[in-house]
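Trainee: The chain contents come next:
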Amino acid sequence: MRILRAATVTATVTALAAAASGCGGGTSPGGGGSNDSPKTLTYWASNQGPNVEADKKILGPELKKFERRTGIKVKLEVIPWPDLLNRILAATTSGQGPDVLNIGNTWSASLQATGALLPWDKRNLDEIGGRDRFVAPALGATGAAGKDPAAVPLYSLTYALYYNKQMFKEAGISEPPATWDELVADGKKISKDGTWGLGAEGGQLTNNIHQAFALGKQHGADFFDAAGKPTFTSDGAVAAVKQYVDFMAKDQIIAPGNAEYGQNQSLRDFAKGRTAMVLWQAAATTFAADGMKPDDWGVVPVPVPSGTPGTGRQINSMLAGINIAVFKNTHNLDGARKFVKFMTSDAEQKLLNKTYGSVPPVKAAQQDPAFNRQDTKVLRETLTRSAAPLPQVADEAQFETSVGTAIKDLFADAAAGHPVTTESVRARLTKAEQQMAK
Amino acid sequence: MTTTTTTAREQAPPGRGGRPGGKAPATRRRVLLPARLRRAGLPYLLLLPALLLELLVHLVPMVIGIVMSFKELTQLTIGNWDAAPWKALGNYRVTVDLDAPVGAALLHSFLVTCAFSVLAVGLCWLIGTAAAIFLQDNFRGRGLLRALFLTPYALPIYAAVITWAFMFQRDNGLVNHVLHDQLHLTDGRPFWLLGDNSFVALLVVAVWKTWPFAFLVVTAALQSIPKDLYEAAALDGAGLVRQIRRITLPSLRPVNQVLVLVLFLWTFNDFNTPYVLFGKAAPEAADLLSLHIYQSSFVTWNFGTGSAMSVLLLLFLLVVTAGYLLATSRGRKHADG
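If you read the protein sequences in the order shown, they are chains S and A. So in full-length UniProt numbering, spot 227 of the first sequence is number 227, and the numbers just go up one at a time. So in full-length UniProt numbering, spot 194 of the second sequence is number 194, and the numbers just go up one at a time.
Worth double-checking, as some hints may not be accurate.
Straight-line distance between alpha carbons at most 25 Å, and here's what the computed BS3-like set of lysine-lysine pairs gives [to be verified]:
#1 S:363 with S:65
#2 S:64 with S:338
#3 S:229 with A:87
#4 S:229 with A:280
#5 S:293 with S:272
#6 S:431 with A:280
Rough simulated footprint, nothing fancy, chain A against chain S, three-plus residues with beta-carbon under 8 Å [what the hints assert, rightly or not]:
#7 256 to 262
#8 424 to 436
Rather than coming from a laboratory, the hints here were simulated on the basis of the structure. Because the structure is a prediction, the values reported are computed rather than measured. Beta carbons: idealized from backbone N, C-alpha and C, even for Gly.
Throw the hints in and build the complete structure from the sequences for me.
Mentor: Shown next as structure tokens:
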């Protein structure tokens with residue numbers, strides 16, 4: 001009895017000690033991948049469909065296809081967005097992670113800085129068909145400039161201007177706006193008797209950033225300089241943020257209530273005919289879910305000062321999307337590369353982007369007629385012509401939080417009737433910039 | 001645990017030489033270890049596995065958190081965090097430098113949290129105790145009311161708080177509909193989730209969510225107060241208020257002591273309510289500490305600073321708890337003596 005107990009205690013202690021030492025410590029900095037387990041892969045997919053179950057249903061048959069071709073079994077885990085970054089960070093600190101994973105493309109540079117992802121140097125890229133298969137802006141959102149990409153583009157999205165045809169007709173507007181002046185003029189015609197020109201998500205930090213970023217490009221401002229230092233208070237950045245908030249404060253084409261929106265209420269307002277325009281990425285399915293028929297809305301590129309979107313000051317959208325990356329500590333390096341090649345193949349790109357309503361970043365796959373419908377055509381053209389990735393700097397996450405919060409606060413000021421001036425915008429952005437200082 | 005202890009106690013007599021055959025080995029062992037030490041050591045030996053687990057589950061993460069607060073831990077070093085550069089007190093210096101934006105924001109958040117906690121705990125306790133006392137006497141529908149009162153506590157936090165978030169919406173929320181459209185109490189439609197009103201909104205949701213716990217605990221405690229005390233008081237002509245002040249509240253004292261402490265710790269640390277209500281960035285008037293720390297560490301990938309703030313929060317809560325326990329237990333000794 002006693003010996004048994006002693007043995008149990010010893011065993012427990014040993015197990016605990018082993019577990020404790022296993023938990024501690026990070027990955028070794030030079031730790032590369034290996035090919036220890038060539039028959040299996042673990043894949044963390046982001047939640048792209050309506051829910052996790054739908055994603056499993058969509059991806060399941062494709063993974064089976066991959067298994068039939070290569071003999072590699074893929075264990076799929078679909079991770080909801082609120083958890084994804086936490087899970088990746090935990091995997092990074094412990095070194096125990098998946099082999100292949102999806103990341104939001106704005107995280108590319110931050111995750112690249114952790115050193116947890118396999119760099120896609122020329123040799124690796126050539127194995128999946130080379131750089132030239134992808135559209136250039138999408139490749140721009142895969143890591144810091146001048147470094148090998150940390151990931152490969154998988155699904156791409158851009159912003160477009162959705163408008164309500166009926167409301168435009170009733171207000172006597174024949175053409176949807178192509179410039180901001182036209183948008184404000186049209187918005188003013190529509191904004192009366194409880195209906196409003198434009199919808200916004202004032203409480204959603206990332207959305208605020210996306211809008212301010214594109215407007216910033218049009219004012220010739222980046223939020224970071226070439227050295228990666230924040231430049232939130234440059235004249236261009238201040239003007240861009242002010243222009244966006246002024247749609248509510250000065251032009252009064254956004255309902256004050258939108259200042260607190262953060263759960264996509266602006267889409268519902270649009271679908272219910274309370275607002276005539278929204279700036280959004282691939283909103284078609286959401287409109288349908290809220291009972292709006294596809295014929296009721298139209299879609300055009302987001303306005304630019306000149307009326308014709310292009311590069312430089314005519315950029316009209318941030319480049320949103322999902323990248324696929326390989327975890328550096330993978331135990332199946334060859335298999336992981338094969339899987340990325342499979343996911344970025346023309347056939348899979350067509351099928352998956354069609355299902356998810358996104359646009360393929362692979363040029364050849366864009367030829368499919370599915371990407372030539374009224375909405376996907378605009379998104380696709382914007383992607384190739386006039387979209388730019390958010391700043392690819394390691395501090396990108398701080399930027400989204402600090403500047404996104406500044407814009408949220410400015411919207412709150414505007415909604416409460418406080419004046420929004422160049423000085424007040426600059427003060428908020430100065431505060432945001434101070435939060436970035438280490 | 002219980003089984004191990006029982007087994008040990010049953011086994012103990014033979015070890016002490018109660019059984020004739022066991023005498024020889026017992027003597028031999030007695031030479032190696034003095035009997036008193038052996039007897040005193042046994043409980044500790046038996047507690048050892050539990051102690052080790054406790055260390056592993058509770059203390060190790062805390063120690064790692066404290067170690068992290070002395071390091072410069074950002075996305076550049078997180079992949080190999082035991083090799084992250086030491087920063088000595090750098091993180092703390094940033095955190096408590098009240099002239100710089102980070103320290104000033106933390107102090108503001110701390111003061112908001114203090115005010116919020118005091119008000120929330122006070123209201124939870126008051127409403128919970130009042131409801132428990134009113135539901136003490138048996139009447140028809142008491143069970144139904146009790147169940148109804150406990151619903152907020154039983155609801156999943158996310159579902160409950162997101163419902164409040166929609167109710168507090170300015171343009172089509174229920175709160176403004178009742179206050180403005182029906183009762184005409186306010187001039188315009190106020191914002192509840194932006195600006196200064198957000199503090200009130202947060203307080204309402206927090207109290208609504210937590211008071212059933214106070215109600216539950218006080219209800220249980222009331223059952224143990226002997227009925228004859230009230231009968232005797234009634235015979236002596238004491239009214240309801242006097243009975244509550246002289247009998248109920250003094251009898252509840254030990255329970256209240258724990259209840260208020262637990263409520264305070266929960267409220268002070270509350271993360272879910274502000275996070276679901278306001279998202280990643282709370283309005284300044286409702287910027288609670290836990291959300292503030294989350295924002296300045298996790299969202300901005302600045303884990304060292306976040307850990308330093310957490311350690312300060314831990315120290316503060318330790319001081320408050322220790323002070324509170326010291327003060328209340330001394331007071332009780334007085335009362336008993």
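Trainee: Look at each hint and say if it fits the structure.
Mentor: Going through the hints against the structure:
1. S:363 with S:65: holds, 23 Å
2. S:64 with S:338: holds, 14 Å
3. S:229 with A:87: Cα-Cα ~22 Å, so holds.
4. S:229 with A:280: Within the cut-off at roughly 24 Å; holds.
5. S:293 with S:272: This hinted pair holds, its Cα atoms lying about 11 Å apart.
6. S:431 with A:280: holds, 17 Å
7. 256 to 262: Result for this restraint: holds, n = 5.
8. 424 to 436: Satisfied; 3 residues make the cut.
No hint from the list above goes unmet by this structure.
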